[in-house]
Amino acid sequence: MTSEPFIQPRFVGARFEGHTLPLSAAKDLAAYEELVLELAKHLFRQKNQDRVRIPKGFDNGFSLHIERIDDGSVKPALVAMSLAGQLFSSLPVEINESRDLINTVIATEERESFPTTFPKGYYSYFNRIGRSLEEGESIEWLPESPSNKTVLTPTKRKRLVLAHRETYDAEVDVVGLIEEIDTKKKTGVLRTLEKEAVTFVFDDPFFGDLKDALGIPGQFVRVLGVGVFDVSDRLGSITEIDQLERLPHYPLVSSIEQFFGLADGWLEGTGVAPKAEDLNWLTNEVSQSFPEALAYPSVAPSEDGNVIFEWILPDSRIELEANFADQKIELYCTHIGSDNFIEKVFTMDQWREAFGQVEGLLLL
Amino acid sequence: MTAQSGPEKVFRQVHPHHWNGENPNSVAFSPTPKDQDQLSVDDAALVSAEKSWTHFTNNLGFKSAGTWAITHAEIVDSGDLSLRSAPVADQADPAKNNLAHCLIDFSQITSKGAKRRCAQKLALLASARGRQFPPA
Chain H
1 MTSEPFIQPR
11 FVGARFEGHT
21 LPLSAAKDLA
31 AYEELVLELA
41 KHLFRQKNQD
51 RVRIPKGFDN
61 GFSLHIERID
71 DGSVKPALVA
81 MSLAGQLFSS
91 LPVEINESRD
101 LINTVIATEE
111 RESFPTTFPK
121 GYYSYFNRIG
131 RSLEEGESIE
141 WLPESPSNKT
151 VLTPTKRKRL
161 VLAHRETYDA
171 EVDVVGLIEE
181 IDTKKKTGVL
191 RTLEKEAVTF
201 VFDDPFFGDL
211 KDALGIPGQF
221 VRVLGVGVFD
231 VSDRLGSITE
241 IDQLERLPHY
251 PLVSSIEQFF
261 GLADGWLEGT
271 GVAPKAEDLN
281 WLTNEVSQSF
291 PEALAYPSVA
301 PSEDGNVIFE
311 WILPDSRIEL
321 EANFADQKIE
331 LYCTHIGSDN
341 FIEKVFTMDQ
351 WREAFGQVEG
361 LLLL
Chain X
1001 MTAQSGPEKV
1011 FRQVHPHHWN
1021 GENPNSVAFS
1031 PTPKDQDQLS
1041 VDDAALVSAE
1051 KSWTHFTNNL
1061 GFKSAGTWAI
1071 THAEIVDSGD
1081 LSLRSAPVAD
1091 QADPAKNNLA
1101 HCLIDFSQIT
1111 SKGAKRRCAQ
1121 KLALLASARG
1131 RQFPPA
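Protein sequences, first through last, are from chains H and X. In terms of my numbering, the first sequence opens at residue 1 and continues consecutively. In terms of my numbering, the second sequence opens at residue 1001 and continues consecutively.
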C-alpha cells in the first residue's frame, strides 16, 4: 500500500476538547470516504462520456485512513491509501477533484448557488456526513485556510440535504408509547409525548422490550437512533434504533427528576431542596407502584424538602405528600361543593394503597 | 371597602414550581412555620395584578408564574382564617416598600390537616377565577 496526505479536518466543540475522536464521528468520515469515491467516478464519467463503464482498477484500491490525530481540538489526518503495483501508478486525478468539489459544496453559504458540477442526488450523502455533530459543534474541512475554513455545522448539513429533497436524516432521541408492532415486517408505531405518531423499524435485540411495552399505558420507552425529519424539523419516522430504554411512567418520573436541580433557598430565599437520595427513592417507588389507569398528577416541591403529588380538578383537590422527614405519606382531599375533607396517613411503603385511595376518590 | 375593614380582594404570587401550567398547586396557598403561619398577599384595591407581579419579581427578585386572586369573603369562609393589612416600609431599601401588602393569618388553625384543607379551598377558588396576570 502507498499513502499520500489527503485532508486534515478539525472537529470543533466541547466533546472534542479532550483531543479524542468519538466513534460516532468516525462514521461521518466513513461516509465522507464513500462520497469522495462515488463523486470521483461521476467526474470521470462526465469527462469520458464515450465510455460505458468505469475502467477496472480505476480507484486503485482507494481508501481513507486516519494516520494520526493531532491536537486542536481534534484533527484527524486522513491519508489516501492505494494499492502499489496496480494498473494505475497513482490515484486518479478525479479523487482530488472530488475532494475539492466537496469542499466547495460545504463552503457554499446561504443565498449562494451550489456548484452545478455536484450531482443533486449526492447531497443525500450529507445525511451521514456530519450527522454525529451536536448543536454548537462543527467540522472545519480546511482549518488552515485564511479565507474559508469550509465549516460544516448541523444547520449547514441540514441545508445541504434539503437542497434537493424534502426530508433529512438526523440523530433522534425520542420518548413515547409503543402503539403497534408488526413482527413480520419488524416495524412499529411510537406515539410521542407530543402525541405524534412516528413509524419505526427495529432489529431483533429490541423486540423483547418493544413487546413488553406494547399498548401498555405508562410503559414509555426512549429511542436513540436515526430519524427522518421534514423541513419543519418534524420527526416522521425512525429508520434505525441504536438504543432502547424502558422508562415506566416517564412523565411523572421526569417531573420528580427536575427537582434534582433545586438548591436550598429556591423559594423566596428559603425553601429546603429535596435530597437526591429521597428523589431517587421516590422515582423508583412510583415507577413500580403507580397504577396504569391513574392520571398523572401535578408534582410540586414543598418548602421543607418534601414532594407533593396533586390531582387538580375543578371542584376538588387531592394531595399525596411524600413526607421524607417523618417517613410517611399524607393524603389530603377537599371537595368544594360538599365541603368534604379527607385526611389519611400511610407508611412510606404503602404507595400502592395510597394511589389506590386516590383512584377511589377520583371516582366519587 | 377600606384597608381598615379589610381588603375585598387580594392577589397571591405563585412560584413556577407551584403550578401545573394552568392552575396553582394548593401548597402555593399554604404558609409554613417560617412564615409564622402568615400568607403574604397584596390588596387588589391598592395595586393591579400586573403591578403586584412586577413588584414581586423585579423589586423583590423572586420568581412567579403569575398572579391569582381570592376575595375576603372566600378567605373567611375557608376556615379560621383572617386577613389584615401589613404594609411594608423598608427604609434601607425603599424599592421593597409595599403599601398593598396584607397577610392571611393561619395561626388560629393548629393542625397541619386543617391548614391544608384551607389551602386547598383557596387554591380551588383562585383557580376558578383564573390567572389575573399574565392573561391566560
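None of these hints come from the bench; they were simulated from the model. On a predicted model such as this, the values are computed, not experimentally measured, just so you know. Misleading hints may appear alongside valid ones.
Stated by the list, open to error - Dumping the calculated BS3-like pairs for lysine-lysine here, alpha-carbon to alpha-carbon at most 30 Å: (1) X/K1096 - X/K1063; (2) H/K149 - H/K185; (3) H/K211 - H/K195; (4) H/K328 - X/K1034; (5) H/K195 - H/K184; (6) X/K1096 - H/K344; (7) H/K47 - H/K149; (8) X/K1034 - X/K1063; (9) X/K1009 - H/K328; (10) X/K1112 - X/K1009; (11) H/K211 - H/K275; (12) X/K1034 - H/K344; (13) H/K27 - H/K186; (14) X/K1063 - H/K275; (15) H/K275 - X/K1009; (16) H/K275 - X/K1034.
When the hints from earlier in the document are held up against this structure, which numbers fail?
-> Structure breaks hints 2, 6, 9, 11 and 15.
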